Amino acid sequence: MTEPLLKVRGLKIGATIYPPGEKSRDIEIVHGVDFDLEAGKVLGLIGESGAGKSTIGLAALSYGRGGVELTGGEVWLNGRDILKSRMADKRSLRGGEVTYVSQSAAASFNPAKRIMEQVTEAAISHGKFTKKEAEERAVGLFEKLGLPDPENIGSRYPHQVSGGQLQRCMTALALCPQPDLVVFDEPTTALDVTTQIDVLKAIKTAIRDTGVAALYITHDLAVVAQVSDHIMVLQQGAMVEYGSVDQIINAPKEEYTQALVSVRSIKHVEKEPGQTPLLKVEGITARYSGTNFDVLKDIDVELHAGQTLAVVGESGSGKSTLARVITGLLPPSEGTLTFDGRTLTPDLATRPLDDLRELQMIYQMADTAMNPRQTVGTIIGRPLEFYFGLKGKEKQKRIQQLLDEIELGEGFQDRYPAELSGGQKQRVCIARALAAKPKLIICDEVTSALDPLVADGILKLLLRLQKVEDVAYLFITHDLATVKAIADSIAVMFQGKIVRYGPKSQVLAPPFDDYTDLLLSSVPEMRIGWLEETIATRKMEAAGN
Amino acid sequence: MMRIPPAALVGLFFTSVFFFCAIFAPFIAPYGMAEVVGDVWEPSSSEFLLGTDSIGRDLLSRMIWGGRTTIFIATAATVLSFVTGATLGFFAAVSGGWVDQVLSRFIDLVMSIPSLIFALVVLSVMPTTILTLILLMGLLDSTRVFRLARAVAVDITVMDYVEAARLRGEKIGWIIFRETLPNALSPLVAEVGLRFIFMVLFVSTLSFLGLGVQPPQADWGGIVKENKEGINYGIQAALYPAYAIATLCISINLVADWILGRTTSLKGGRG
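Keeping their order, the protein sequence lines are chains A and B.
Take the first sequence: its position 248, counting from 1, is numbered 248 in the UniProt record's numbering, and each next residue is one higher.
Take the second sequence: its position 220, counting from 1, is numbered 220 in the UniProt record's numbering, and each next residue is one higher.
Since the hints were derived computationally from the structure, they do not count as laboratory data.
Keep in mind the model is a prediction, meaning the values are calculated, not measured.
Mixed in with the good hints there might be a few duds.
[Unchecked claim] The calculated DSBU-like cross-link candidates involving lysine-lysine, where the alpha carbons are at most 35 Å apart (straight line), are:
1. A:Lys395 to B:Lys171
2. A:Lys280 to B:Lys171
3. B:Lys171 to A:Lys437
4. A:Lys131 to A:Lys12
5. A:Lys267 to A:Lys297
6. A:Lys90 to A:Lys201
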């Protein structure tokens with residue numbers, strides 16, 4: 001057997017942590033990982049945040065990010081242990097033999113330099129190509145990656161191309177020096193679902209055509225199944241399972257992998273709408289002050305008590321603006337809002353307290369939705385005090401009740417948000433909303449920032465609470481899997497308009513309009529060959545191309 | 001048990017010594033504040049540790065009494081400038097819109113006049129009492145605090161938790177004091193040290209120019225003024241207050257640095 005391109009043995013990675021109020025200490029974040037990668041193959045690294053995926057990926061460049069140290073083990077690349085390499089060798093290795101594609105291309109490109117200059121920089125400075133050769137090579141890669149006008153796109157600045165295009169430029173950047181190995185670190189995570197599929201296809205084609213080996217890091221098993229040959233599942237810095245794509249997604253052995261594969265399998269049967277709607281949005285048109293562009297155009301939707309309306313669309317489609325209009329943060333220029341039989345005043349400041357109480361909101365980033373200087377007890381206790389005048393023991397009792405309801409239990413009252421995990425934070429936000437005894441909760445992308453398994457837990461909790469408290473949800477999301485799991489009715493938004501609206505069964509059944517078809521077909525499915533099939537059969541090009 | 005770094009310890013030590021002397025001046029000072037006890041500019045001796053001043057008062061006693069005046073004025077003016085500046089700054093940031101515009105432009109207007117000139121003009125028409133000094137210095141300096149407080153608060157008011165409080169229907173008082181203030185505390189605390197030092201320098205400058213604390217009341221700037229001719233004859237009397245001001249400023253800075261470092265790493269601290 002020939003020696004693999006990349007051979008990792010017993011890789012241990014440590015970091016120094018600074019827990020609040022305590023002394024800093026060293027911890028181990030990767031506990032002895034082994035794997036091989038042969039030339040021209042793609043290995044997918046998958047796991048939740050904190051699993052050590054990116055850290056392991058960067059170790060292939062013999063690099064530890066901000067305070068992270070490669071403490072033990074061996075990383076053999078092209079027959080030498082690069083952890084023991086001298087600085088000069090590491091320098092020629094990074095950007096030459098091994099390159100890196102990061103999650104956010106927008107944050108990684110220098111906005112002041114033209115794309116071509118940045119794409120060819122590494123290849124030229126490593127002496128692999130002359131300027132002319134490198135530029136020819138870049139144009140070839142642009143073409144291979146399906147970028148429009150490959151001859152001239154390099155002369156643009158990063159802000160002059162779309163997010164999906166920039167991510168492909170970054171792939172070109174990584175491939176330009178003709179590396180042996182590329183590390184892709186969540187290259188499509190920050191993109192819209194309809195754009196992700198094209199970038200994914202471009203990356204896959206480029207990998208195949210250039211014969212480069214790749215480490216593909218992602219938290220989305222369905223994505224990694226499209227591009228990889230093998231998959232390694234990681235959990236908290238240790239390997240859980242390693243196998244071929246086929247084996248991992250069709251016959252996972254470990255319990256954790258099975259959980260990852262079966263994620264988003266919540267079954268939710270839609271409810272029949274009631275007589276009168278709880279929330280009625282009629283003819284809403286809205287724009288932000290100082291602009292001459294309507295973000296929402298003539299929106300009509302209805303939501304019935306105890307049910308869920310999912311508002312779906314890409315970023316920029318106006319979903320969150322709709323939430324701002326309903327909450328009164330952005331008074332609409334036209335249209336009316338009716339809530340529980342009463343007309344809602346357009347401006348937040350003029351709404352009676354009961355309207356405010358019955359209409360609560362949960363945010364995408366639980367981190368910024370909670371005051372870092374308030375304890376969980378204060379955060380949940382405030383609405384109780386504010387709306388119901390609860391004090392002392394009574395308030396404590398109710399706080400504990402709410403904590404039990406969100407499955408957190410004793411001992412959380414005195415904690416600060418920084419001492420909670422991502423899922424726990426979102427639960428506290430849910431409890432804060434519930435404390436007001438609302439009739440409607442607006443959920444703005446509440447699961448988007450969470451790991452799949454944690455998000456699943458939150459969705460299950462929301463569904464259970466809906467049954468117990470009879471609360472309605474206006475669920476804003478770009479994730480169709482979430483919609484399928486939770487919605488009773490669906491409104492699909494595109495460029496400020498509702499293009500499709502109705503009960504879930506109707507909206508998700510053919511015949512589809514072009515946009516809904518694009519949106520539905522873009523959700524990665526966990527089977528091999530899905531990517532090629534979808535690209536071949538879809539009706540409409542994604543807007544981000 | 002918390003560990004205090006050596007630099008902060010030095011700062012804490014000197015700051016406490018100064019404040020201790022200021023508070024207990026009547027018990028510590030060997031002679032009265034305006035008591036003439038010896039000859040003009042006597043050299044230091046066991047009787048007068050730092051010698052005597054331009055009219056024969058004990059310089060050490062003058063220094064201690066002067067420190068009491070200077071530190072009292074500076075502290076009171078700092079407190080005033082923070083209460084006014086921070087409250088207005090937060091109010092402007094949280095209210096936004098025209099409230100913010102009117103307040104900010106007015107503050108800009110005040111800031112566009114050099115504070116020393118402004119103070120000199122006001123003091124030349126107003127009676128120079130300690131209360132006038134405190135009010136004048138406090139209000140002039142509150143413009144700087146306003147700027148900082150507003151800038152910090154603008155960053156905080158865009159956070160979702162502030163929006164959540166607004167959606168809940170909270171009044172502006174809660175948003176300022178419960179949502180914004182706790183998160184703005186560490187930059188403000190660091191600023192307290194700096195502003196205090198500026199106050200010490202400011203009041204000393206005014207007194208040196210003859211418009212601050214009036215004789216026979218002692219204060220550090222005044223002592224420099226009274227004894228400045230002595231420098232021509234090689235007499236150090238005017239330099240002692242300068243040493244005192246320098247030492248106090250550096251020590252306060254060391255303490256402020258330490259506090260800033262500590263508060264940012266508190267539970268849930270920002271950055």
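Hints, verified against the model:
Straight-line distance between C-alpha atoms of lysine 395 (chain A) and lysine 171 (chain B) comes to about 21 Å, which keeps the hinted pair within the 35 Å bound. For the hint pairing lysine 280 (chain A) with lysine 171 (chain B), the CA-to-CA distance comes to about 28 Å; that is within 35 Å, so the pair holds. For the hint linking lysine 171 (chain B) to lysine 437 (chain A), the alpha-carbon distance of about 20 Å falls within 35 Å, and the restraint holds. At most 35 Å may separate the alpha-carbon atoms for a hinted pair to count; lysine 131 (chain A) and lysine 12 (chain A) exceed this at roughly 39 Å.
Restraint check for lysine 267 (chain A) and lysine 297 (chain A): satisfied, since their Cα atoms lie roughly 33 Å apart, inside the 35 Å limit. Simply put, lysine 90 (chain A) and lysine 201 (chain A) have alpha-carbon atoms about 31 Å apart, close enough for the 35 Å limit, and the pair holds.
In this structure, the one hint that does not hold is number 4.
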